[in-house]
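Start from chain A and add chain B with the ligands according to the hints.
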Amino acid sequence: MAGSPRLRSAVLSAVLLAGLILVWHLATLPAAGSQAVDPEYAKLLGAAAAQGQKSAFPTPAEVGAVLWRHLSNPFYVRGTNDMGIGVQMLHSIGRVMSGYLLAALVAIPLGFLIGMSPLLYRALDPFIQVLKPISPLAWMPLALYTIKDSAVSAIFVIFICSIWPMLLNTAFGVASVRREWLNVARTLEVGPLRTAYAVILPAAAPTIMTGMRISIGIAWLVIVAAEMLVGGTGIGYFVWNEWNNLSIPSIVTAILLIGLVGMALDLALARLAKLVTYAE
Amino acid sequence: MIDRPLISVEGLAKRYPAPGGKPGTTVFENLWFTVHPGEFVCLIGHSGCGKTTILNVMAGLEQASAGTVIADGREVSGPSLDRAMIFQGHALMPWMTVLGNVAFAVRSRQPKWPKARVLEHARRYVELVGLAGAEAKHPAQLSGGMKQRVGIARALAIQPRMLLMDEPFSALDALTRGMLQDEVLRLCRETHQTTFMITHDIDEAILLADRIVLMTNGPGARIAEIVVNTLPRDRTRHEMHRHPHYYRIRNHLLDFLVDRARDFAREAEAGGWDARNPPEVRPGEAEPSLAVRNAAPSMARPTPHTDVA
Ligand SMILES: Nc1ncnc2c1ncn2[C@@H]1O[C@H](COP(=O)(O)OP(=O)(O)OP(=O)(O)O)[C@@H](O)[C@H]1O
Ligand SMILES: [Mg+2]
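From first to last, the protein sequence lines stand for chains A and B. The numbering used here puts the first residue of the first sequence at 1, with every later residue one more than the last. The numbering used here puts the first residue of the second sequence at 1001, with every later residue one more than the last.
Bound-form chain A, shown alone (with noise of 0.2 Å):
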């Protein structure tokens, strides 16, 4: 066989992407001669069901065409239920970006902190252990209450998932910096400032980068849901709103861009911790 593995598996990829295009395409093929269809489940579904002869779920081509008209024009508003998927998807990525960041704001420092100070790690840990396995979904009933505004409700959502793993992983990198290099540093006379960014902070980087590429995957998990349940903007809600049209094509366009842009979010993430690690 020639070609490189690298090459030899892009082709793999191509055929299985194939393959499941045409499984996909032949299972929602119209069934031959008209089947008899429950007038209640007709009615719930529609026209396209109560023709009988079609598949309720969309064929590829169907997809294909819905895909390619929200791609085609990404980012029109024409009103509040009615807006481009890219704006959509804007949104939840600007949602997104402004918890994430706020939480990064907070558990680096803090982390860094923590990690210095074992009476604080101590101290605080019991804390972190019961508000880490909580679903930050179920802060929001308290957040639209207290904060009285849905958008920010959602960035805080975001802000209470993406913290924990920033947090542990910054405290757990800085407490685990080599005592030698400590010592270098103490030998050197160096003070308590530059000894954080000049020798904590790049030795604990690559702990950290690793916190936040995992909180960026669970930020992108949670805010589909957040906004299913806020509503208002972006992708989450456009895949309800979707759901309400009972536009499935839509759905799956929303569903496969959802995957690309989480993709697209961690790859950047992980060309940012490449940056920073170190072969010892």
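To be clear, the hints were calculated from the coordinates, so they are not data collected in a lab. Quantities reported herein were computed from a predicted structural model and do not represent experimental measurements. All C-beta atoms, glycine included, are put in the ideal place defined by N, C-alpha and C. There may be inaccurate statements among the hints.
Dumping the calculated EDC-like pairs for lysine to aspartate or glutamate here, alpha-carbon to alpha-carbon at most 20 Å [unchecked claim]:
no.: 1; chain 1: B; residue 1: Lys-1137; chain 2: A; residue 2: Glu-280
no.: 2; chain 1: B; residue 1: Lys-1022; chain 2: B; residue 2: Glu-1010
no.: 3; chain 1: B; residue 1: Lys-1112; chain 2: B; residue 2: Asp-1082
no.: 4; chain 1: B; residue 1: Lys-1137; chain 2: B; residue 2: Glu-1127
no.: 5; chain 1: B; residue 1: Lys-1112; chain 2: A; residue 2: Glu-189
no.: 6; chain 1: B; residue 1: Lys-1112; chain 2: B; residue 2: Glu-1127
no.: 7; chain 1: B; residue 1: Lys-1115; chain 2: A; residue 2: Glu-280
no.: 8; chain 1: B; residue 1: Lys-1022; chain 2: B; residue 2: Asp-1003
Example chain B residues on the side facing chain A (calculated, C-beta under 7 Å, incomplete) [claimed, not checked]:
no.: 9; residue: Pro-1079
no.: 10; residue: Met-1085
no.: 11; residue: Ala-1091
no.: 12; residue: Gly-1145
no.: 13; residue: Met-1146
Showing chain B with the ligands alone in chain A's frame:
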């Protein structure tokens, strides 16, 4: 040596409490010795007797349980740029380049220097240890010997009054170790660098040290005696074994490490040994049979103790 010692270790002890508040282990106690300006002193002892601990206390990185270290007339209470350390592991920062590691130290010593001057100074020391051309490499790309050279450059670049080394060559192969020993010898002689080094390699001690401090086994380790190296100062690794003193000194050290380090407590009880003034011996000048059999007759006059505290 009538001048004031640069470092004076006085009554040093280290104890670790046992879990549960019971009286714990005493790693070493009541250690007394000095290092004079321009002198190269080696400390030899078995693994675990507390050598690294002593060095850390001298560097100000660790606290002793009792006793003090006087450096330059003042009690050591913390680390200082006057005392540079070469660590048992090389302790280079892996995210910095070779030049970056040395420059980090230079910038600490000379915070007011402009960047170009810091780099220029650092580059000079990288060249001094024979690493010209490797400035931009990261420690992970270097061999063990090269890493240790960077550690040496980093320590020398701050031009310390006192160089403290913790078995700097123990992790290296024999060939590299020999080369680095020669280099350290040259650098220290050229600059009259006061150096205190820990080792458990007898030949290394004989090559480098003016005086060799012998430490007994722990727990409760002591300074048994101090061996004066009577080989000529311009000795080299290749030539020194031809000198008649060499084997006498070597046998004396070997004899100590093999037998006496373990049973020294009994020897001390027999009398004549004073912890405050450990005897200075010159086995190189002694009759060979005496030097190997028994150290007592070869004891020289103890150095006058200069009490600074
Ligand atoms: N936290 C501790 N609690 C109890 N004992 C300790 C502790 N830390 C070190 N020790 C003991 O102190 C002794 C001295 O350790 P040190 O590292 O100074 O030895 P060393 O002479 O440098 O050994 P090596 O030649 O192997 O480097 C050891 O025997 C060790 O068991
Ligand atoms: Mg040691």
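Taking the hints in turn, this is what the structure says about them:
no., hint, verdict
1, B/Lys-1137 x A/Glu-280, "13 Å, holds"
2, B/Lys-1022 x B/Glu-1010, "26 Å, violated"
3, B/Lys-1112 x B/Asp-1082, "18 Å, holds"
4, B/Lys-1137 x B/Glu-1127, "14 Å, holds"
5, B/Lys-1112 x A/Glu-189, "15 Å, holds"
6, B/Lys-1112 x B/Glu-1127, "23 Å, violated"
7, B/Lys-1115 x A/Glu-280, "27 Å, violated"
8, B/Lys-1022 x B/Asp-1003, "44 Å, violated"
9, Pro-1079, "4 Å, holds"
10, Met-1085, "5 Å, holds"
11, Ala-1091, "4 Å, holds"
12, Gly-1145, "17 Å, violated"
13, Met-1146, "15 Å, violated"
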